[in-house]
Amino acid sequence: MNHRVHELVQLLDLHRKVATDWLAGDASLAASRRRLSVWVTEQMKERVRRSDAVEALDEWSALAVAIRKRAITREECDHRHAALIGQFLQS
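Going by my numbering, the first residue of the sequence shown is number 1, and it counts up by one from there.
Hints may contain errors.
[Stated by the list, open to error] Pairs of lysine to aspartate or glutamate, DMTMM-like flavour, derived with a Cα cap of 20 Å:
{"id": "1", "residue 1": "17", "residue 2": "75"}
{"id": "2", "residue 1": "17", "residue 2": "59"}
{"id": "3", "residue 1": "45", "residue 2": "55"}
{"id": "4", "residue 1": "45", "residue 2": "59"}
{"id": "5", "residue 1": "45", "residue 2": "13"}
{"id": "6", "residue 1": "69", "residue 2": "58"}
{"id": "7", "residue 1": "17", "residue 2": "42"}
{"id": "8", "residue 1": "69", "residue 2": "26"}
{"id": "9", "residue 1": "45", "residue 2": "7"}
{"id": "10", "residue 1": "17", "residue 2": "7"}
{"id": "11", "residue 1": "17", "residue 2": "78"}
{"id": "12", "residue 1": "69", "residue 2": "7"}
{"id": "13", "residue 1": "45", "residue 2": "26"}
{"id": "14", "residue 1": "69", "residue 2": "59"}
{"id": "15", "residue 1": "69", "residue 2": "21"}
Simulated from the structure, these hints should not be mistaken for lab results.
With the sequences and hints as input, model every part of the structure.
Encoded structure:
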C-alpha cells in the first residue's frame with residue numbers, strides 16, 4: 001500500500017471513531033464529524049486511482065449521507081467504514 005492510501009485509511013478510521021461516537025449521542029463531535037467528512041471526500045478524490053475511485057466515492061457518499069441523517073446505527077456505521085477501509089487495504 002502506498003503512503004497516500006495509508007494516510008487515507010487512517011483518516012477513514014478517525015472518521016469512523018468520531019461518527020460512531022456522534023451517533024451514540026456525543027453532540028460535541030458534530031463539527032469535527034462534518035470537517036472530517038469533507039476532508040475524507042477531498043482526500044479520496046486526490047489520493048485514489050481513478051479505476052478505484054468511482055465505487056469507493058459512491059460508497060463513501062452514501063455512508064456520509066446516512067451518518068449525517070442519522071439513518072444508520074453505530075454498528076452499521078462501524079461495519080461500513082471497515083468494509084471501505086478493507087477495499088483500500090486490498091488495493
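For this session: Find the hints from earlier in the document that the structure breaks and name them by number, from lowest to highest.
Result: The structure breaks hints 12, 13; every other hint is satisfied.
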